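There are 6 protein chains.
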Amino acid sequence: MRPSGRAPDQMRAITIEPRFTKHAEGSVLIGFGDTKVLVTASVEERVPPFLRGRGEGWVTAEYGMLPRATNTRNSREAAKGKQSGRTQEIQRLIGRSLRAVTDLKMLGERQITLDCDVIQADGGTRTASISGAWVALRLAIDGLLAEGKLTADPLTQKVAAVSCGIHQGTPVLDLDYIEDSAADADANFVLLENGNIAEAQATAEGATYDEEALLRLLRLARIGCGEIFAAQAKAVAK
Amino acid sequence: MRPSGRAPDQMRAITIEPRFTKHAEGSVLIGFGDTKVLVTASVEERVPPFLRGRGEGWVTAEYGMLPRATNTRNSREAAKGKQSGRTQEIQRLIGRSLRAVTDLKMLGERQITLDCDVIQADGGTRTASISGAWVALRLAIDGLLAEGKLTADPLTQKVAAVSCGIHQGTPVLDLDYIEDSAADADANFVLLENGNIAEAQATAEGATYDEEALLRLLRLARIGCGEIFAAQAKAVAK
Amino acid sequence: MRPSGRAPDQMRAITIEPRFTKHAEGSVLIGFGDTKVLVTASVEERVPPFLRGRGEGWVTAEYGMLPRATNTRNSREAAKGKQSGRTQEIQRLIGRSLRAVTDLKMLGERQITLDCDVIQADGGTRTASISGAWVALRLAIDGLLAEGKLTADPLTQKVAAVSCGIHQGTPVLDLDYIEDSAADADANFVLLENGNIAEAQATAEGATYDEEALLRLLRLARIGCGEIFAAQAKAVAK
Amino acid sequence: MRPSGRAPDQMRAITIEPRFTKHAEGSVLIGFGDTKVLVTASVEERVPPFLRGRGEGWVTAEYGMLPRATNTRNSREAAKGKQSGRTQEIQRLIGRSLRAVTDLKMLGERQITLDCDVIQADGGTRTASISGAWVALRLAIDGLLAEGKLTADPLTQKVAAVSCGIHQGTPVLDLDYIEDSAADADANFVLLENGNIAEAQATAEGATYDEEALLRLLRLARIGCGEIFAAQAKAVAK
Amino acid sequence: MRPSGRAPDQMRAITIEPRFTKHAEGSVLIGFGDTKVLVTASVEERVPPFLRGRGEGWVTAEYGMLPRATNTRNSREAAKGKQSGRTQEIQRLIGRSLRAVTDLKMLGERQITLDCDVIQADGGTRTASISGAWVALRLAIDGLLAEGKLTADPLTQKVAAVSCGIHQGTPVLDLDYIEDSAADADANFVLLENGNIAEAQATAEGATYDEEALLRLLRLARIGCGEIFAAQAKAVAK
Amino acid sequence: MRPSGRAPDQMRAITIEPRFTKHAEGSVLIGFGDTKVLVTASVEERVPPFLRGRGEGWVTAEYGMLPRATNTRNSREAAKGKQSGRTQEIQRLIGRSLRAVTDLKMLGERQITLDCDVIQADGGTRTASISGAWVALRLAIDGLLAEGKLTADPLTQKVAAVSCGIHQGTPVLDLDYIEDSAADADANFVLLENGNIAEAQATAEGATYDEEALLRLLRLARIGCGEIFAAQAKAVAK
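Residue numbers (full-length UniProt numbering), protein chains in the order written: chain A, 1 to 238; chain B, 1 to 238; chain C, 1 to 238; chain D, 1 to 238; chain E, 1 to 238; chain F, 1 to 238.
Everything labelled a hint here was simulated from the structure, so no lab data went into it.
Hints are supplied without guarantee of correctness; some may be wrong.
Okay, derived cross-link-like pairs now, PhoX-like style, lysine-lysine, Cα gap no bigger than 20 Å in a straight line [as the list claims (entries may be wrong)]:
| id | chain 1 | residue 1 | chain 2 | residue 2 |
| --- | --- | --- | --- | --- |
| 1 | B | Lys82 | C | Lys82 |
| 2 | C | Lys82 | F | Lys80 |
| 3 | C | Lys80 | F | Lys238 |
| 4 | A | Lys82 | F | Lys22 |
| 5 | D | Lys80 | F | Lys22 |
| 6 | F | Lys82 | D | Lys82 |
| 7 | A | Lys80 | E | Lys105 |
| 8 | B | Lys80 | F | Lys82 |
| 9 | F | Lys238 | A | Lys80 |
| 10 | E | Lys105 | A | Lys82 |
| 11 | F | Lys80 | F | Lys238 |
| 12 | E | Lys105 | D | Lys82 |
| 13 | B | Lys149 | B | Lys105 |
| 14 | C | Lys80 | A | Lys80 |
| 15 | B | Lys82 | E | Lys82 |
| 16 | F | Lys82 | A | Lys82 |
| 17 | F | Lys105 | C | Lys82 |
| 18 | B | Lys82 | D | Lys82 |
| 19 | E | Lys80 | A | Lys80 |
| 20 | C | Lys80 | D | Lys80 |
| 21 | C | Lys80 | D | Lys149 |
| 22 | D | Lys82 | E | Lys22 |
| 23 | E | Lys149 | B | Lys80 |
| 24 | B | Lys149 | A | Lys82 |
All values derive from a computational prediction rather than experimental measurement.
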């Protein structure tokens, strides 16, 4: 029995509020249960130095957690003067995941930055960030298409992410904080709508796992991402 | 005529959503028009080193702006590795303002940190932060009273803040971003419900001002803070 | 009775030694009693990136305190690796104050940096810095005029600053350190010779204050700045 | 055909020189072909603050690359003043991998730090680091057992790591730099001698991949880790 | 002929104003010609962690240069967020030099920090700092003796320092900035009153030098330090 | 009697392995007894900003010590976020020493960076670094000559460095760590093959020294550098 009473393959409620803020080219407040992440997409008509003059664009991400998004207050990274290793690892993952579905040549020499800020945390903040970032990116690119700055769509398909883990011997989908803290293994899968995998990361926390378990976690992730794809579709159709 | 069509002494709509997040001892989403600030109050049962063993508490604040709260994206302070002078100035002001209505001896050896994070900016983020911080602090202290950790209320009265300025020769209340960028003088007043002043800051941006103008700005601030006090009362009564 | 035996509206001795150092385009050692600040004005024939190509100049300030300027030694900011919030707040105030009396268009594409370094502190270091910075700026601009780099004077009038506060219930002028530590309210006024206000900041430290008190503090500041304007005039006439 | 002429399931030469330096409690120079990593294990009789007084030990890792370990010189992280996101991600992975085979309760209140410094890089520096770190850790723990500081062995089994990837459509084992730069997908597996998985990370670089590919990469990793386990056994037997 | 018209073995005017500031336990403004350094000695009744509980004291130094001490403005180290290599090298040298004449056991568990801040620079700032630091230290220790905190004098003798160099083929004493910029070799000697050497550093800038030149520079330094010892004696006798 | 049993004028074994790593234009592993330093020379076809457009090259150095090169582990400078004063002092010395034998005009607008990383430390790491850096630089310049990028040799002669000190009253050559920790005076000499001095630094640690002692240390250094010159010659002849 999961602490939340959910079935092993049951996601938390997915909520997506597109256009949550007014300034960004794309924005969304995504919720996986009590985990709430605000994602904005900012379009800039320039690329980082390593890409200049190559006619290609770039999609990148930054991640942050408000100090009291969690149960006890964490120091503010801006005040400490540096981003933690965890923050950097997550923002690198988000950037890679979105680039996996973007044709950077078609995007042209512009950069889109996805800022993922966790308003409230209850497990799965990085997977909610990726799933929400796709919506923000979709909205920003829709804007570029509408303004005629892009004539063809560089976004090739949907991408979504979800966490899974082995909790008290049972593979379960979409861990909340209580499960995450006690999981033996913890995995994050970034999947494309066509079924392909952009990223698989499965880490033993309390106990190592075997190949069979890895495959079961992947199957759970397919169930969860299916639901997320549906919610993304609905959100951008609004 | 103001760009927004408001009368000179007209505030923007004040919105206050108490208990906006679930983990913090107090939390609120406050809006002054399109300016939206999330404030959380975090209670810790320890005080900073300079106060240890003196039987007194501390109230402090931190301030941040999400990178795309504004019209064009700002670099993330955590990524740059330091907080700007503006950020530090604002968070010092918020802390002082709340301490002006808190009896630190009655609070006992505990610290309450008010995290003010700007979700969307349209002028007046520091004054919305102070006004919202009072609500978050009130809720956190109500919790301490309810739990019996405090037996008497250390919060002496309400505090609120609003900006005023001289825009095209006219003193106006609660500047939005368009007015703020073009104001000749820009003032922030932090007022108590009993009419006293906790902080007055009036800065010449484009043109210096005279004593008469200073007093007219203060009178506008009294009008604005009156409305904020009413909204605060309603929010904490919920 | 004030600890120093001064009357409530009595300034400390104002001492101004122009051309205190030899390399800077303008320099001064200013004293308000035991508070001693060395201010240098450095002219550079370039402006910060945000102003390039606009035909305008810039006036900015930096502030520092020698580690043992105070009664007990403070850590050196260069060794700690960052400037405190207080330092940044003060240097932003000094810069704004001097820009309030400078026609930046007439200055042309050059920057003047006012470095204010506190050699000895006894209260009022920021107001002595502003008052001394005007002298250093005046000398630097006189040099530019003498060399023919400027043909008209961009400095529109004098600016001076002084602190006032409510000490044991009495509004007093030009607080020294002992008074400053115990003041209920503490204000800094930056005034122009024509009577206008460039900046008013009045902060409740121990007790909030009313409108009447604010006005009395302002009147004290007018008395103090009058004396400073006279001292500035004498110093630059040398 | 691989650029190096190796078969798809062929590792590069594995070289392990135990006790490469004299001061550390354990040390090794490990080579996977031209990739050379110096790993030292340092034992300290104290644990990080979050573990104090719990009777448990800690195993952690730091990772660095000499500026000219690579084909073109990289800036020294100490000179830049911060570790890159990549560095932090790698050192977190190394630490987790070694903790997966250490019984921290049996280790007692002491910390072992594994410093992995890349002398020369040609792909696979993180996997060589993990594989070498096990040897350094084994030697350090052997020392603690020999000195009687430990009476039972907290190291439960061997751990090794290897990279695999899809290069020009073919899954290949132990990518060198040329392959790594051009791989469509790039995976790192951390495996235990008993066949279990401590960490699986598979990232799409150029093209996403399917479940079948993930499993083929895992099977290649099993081949590679088998060879590493044998080399580790031989090295610690010396 | 030297640019200043001085003879090769001629020092610039040495000026020493003891007790230049009022807060520090010892203070001095020392001048070697146009080079002016303010040195303060701060006594603290605690020692750095590495010395705690050993019954010994510590003498250390910090060095800084005001941004416009030099001909063109240098960035403020506090604003840049770090001290340059040159600054750190100099402050380490000053600390060592003063420790060479202090019996740290006799000083007891207290630390004296010598802050050397260059008000105006014209070559020889580090040697003026050392020479002035001795005076500030002497005054601070005299105070400790007068207060009865010390019963015996831990300062064993005088220490002074001077620069010498080879300028256009001629060994010269006490280089000013013009000579220093063009010197082939540049040396700093820290000498004791008894003739012993605490530190000798001779660096080839434009051309390497031979043993004979090294000895001639040392002899010039003896002449210069003789004059400094006399000035120090006079200053502390006041 | 020296702890190592060496005669006062006896160097430790000098070992030089040229071309120790494959990517750098020049590389060497140099050993002075148990002190082992890896030096790489990296050629870049650009110069630092202060030299641009002047047709001159630059030779610079960076220095680092692996965390466990020493008997007890030191914090990693990259993790601490800054280089120590000692590190900066050493890398400045190495750079100056190599520039003393390089004709920068002949080198043309390119920079050679010498990275000196201490693999194992037992005293004398800075002098081994300088001595090894000459070999790495020689190899890099030989490469530029062979490729035709240089037509004449900018390296004018050999440079080597060695430490000497006064240990228990006896001047000794090439201090190991045990001697270095207990030496009364500690000197580093950087000598050219023609007998000239590029840098002499002699520091009193426990006791000051006289002119005679300085000269005896210099004579020991001549003996040591003679051996190093021979070893350098042999290494580059391979």
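Comparing the hints with the structure gives:
With a C-alpha separation of about 9 Å, the suggested pairing of B:Lys82 with C:Lys82 holds against the 20 Å cut-off. A distance of roughly 15 Å separates the Cα atoms of C:Lys82 and F:Lys80; the hinted pair therefore holds under the 20 Å criterion. Distance restraint check for C:Lys80 and F:Lys238: the Cα-Cα separation of roughly 49 Å exceeds the 20 Å cut-off, and the hinted pair is therefore not satisfied. In summary, the hint linking A:Lys82 to F:Lys22 is not supported, as the alpha carbons are separated by about 35 Å, beyond the 20 Å threshold.
The hinted pair formed by D:Lys80 and F:Lys22 fails the criterion: a straight-line CA distance of about 25 Å is larger than 20 Å. Taken as a hint, the F:Lys82 and D:Lys82 pair is honoured in the structure, with Cα atoms around 8 Å apart against an allowance of 20 Å. A threshold of 20 Å between alpha carbons decides the hint, and for A:Lys80 with E:Lys105 the separation of about 39 Å lies outside it, so the pair is violated. Between the alpha carbons of B:Lys80 and F:Lys82 the distance comes to roughly 16 Å, so the proposed pair stays at or under 20 Å and holds.
Annotation: proposed proximity of F:Lys238 to A:Lys80 is violated, straight-line Cα distance about 52 Å (limit 20 Å). Of the pairs offered as hints, the one joining E:Lys105 and A:Lys82 is violated, with about 41 Å between alpha carbons and a cut-off of 20 Å exceeded. Taking the CA atoms of F:Lys80 and F:Lys238, the gap is about 40 Å. The hint is violated against a cut of 20 Å. At roughly 39 Å between alpha-carbon atoms, E:Lys105 and D:Lys82 are farther apart than 20 Å, so this suggested pair is violated.
With a C-alpha separation of about 14 Å, the suggested pair B:Lys149 and B:Lys105 falls inside the 20 Å cut-off, and the hint holds. Between the alpha carbons of C:Lys80 and A:Lys80 the distance comes to roughly 13 Å, so the proposed pair stays at or under 20 Å and holds. Annotation: proposed proximity of B:Lys82 to E:Lys82 holds, straight-line Cα distance about 13 Å (limit 20 Å). For the given pair, F:Lys82 sits about 13 Å from A:Lys82 by alpha-carbon distance, which is consistent with the 20 Å threshold.
A distance of roughly 39 Å separates the Cα atoms of F:Lys105 and C:Lys82; the hinted pair therefore is violated under the 20 Å criterion. Simply put, B:Lys82 and D:Lys82 have alpha-carbon atoms about 13 Å apart, close enough for the 20 Å limit, and the pair holds. Among the hinted pairs, E:Lys80 with A:Lys80 is consistent with the structure: their alpha-carbon atoms are about 17 Å apart, no more than 20 Å. At most 20 Å may separate the alpha-carbon atoms for a hinted pair to count; C:Lys80 and D:Lys80 meet this at roughly 17 Å.
About 40 Å separates the Cα atoms of C:Lys80 and D:Lys149, which puts this hinted pair outside 20 Å; it is violated. Straight-line distance between C-alpha atoms of D:Lys82 and E:Lys22 comes to about 41 Å, which puts the hinted pair past the 20 Å bound. With a C-alpha separation of about 48 Å, the suggested pair E:Lys149 and B:Lys80 falls outside the 20 Å cut-off, and the hint is violated. For the hint pairing B:Lys149 with A:Lys82, the CA-to-CA distance comes to about 35 Å; that exceeds 20 Å, so the pair is violated.
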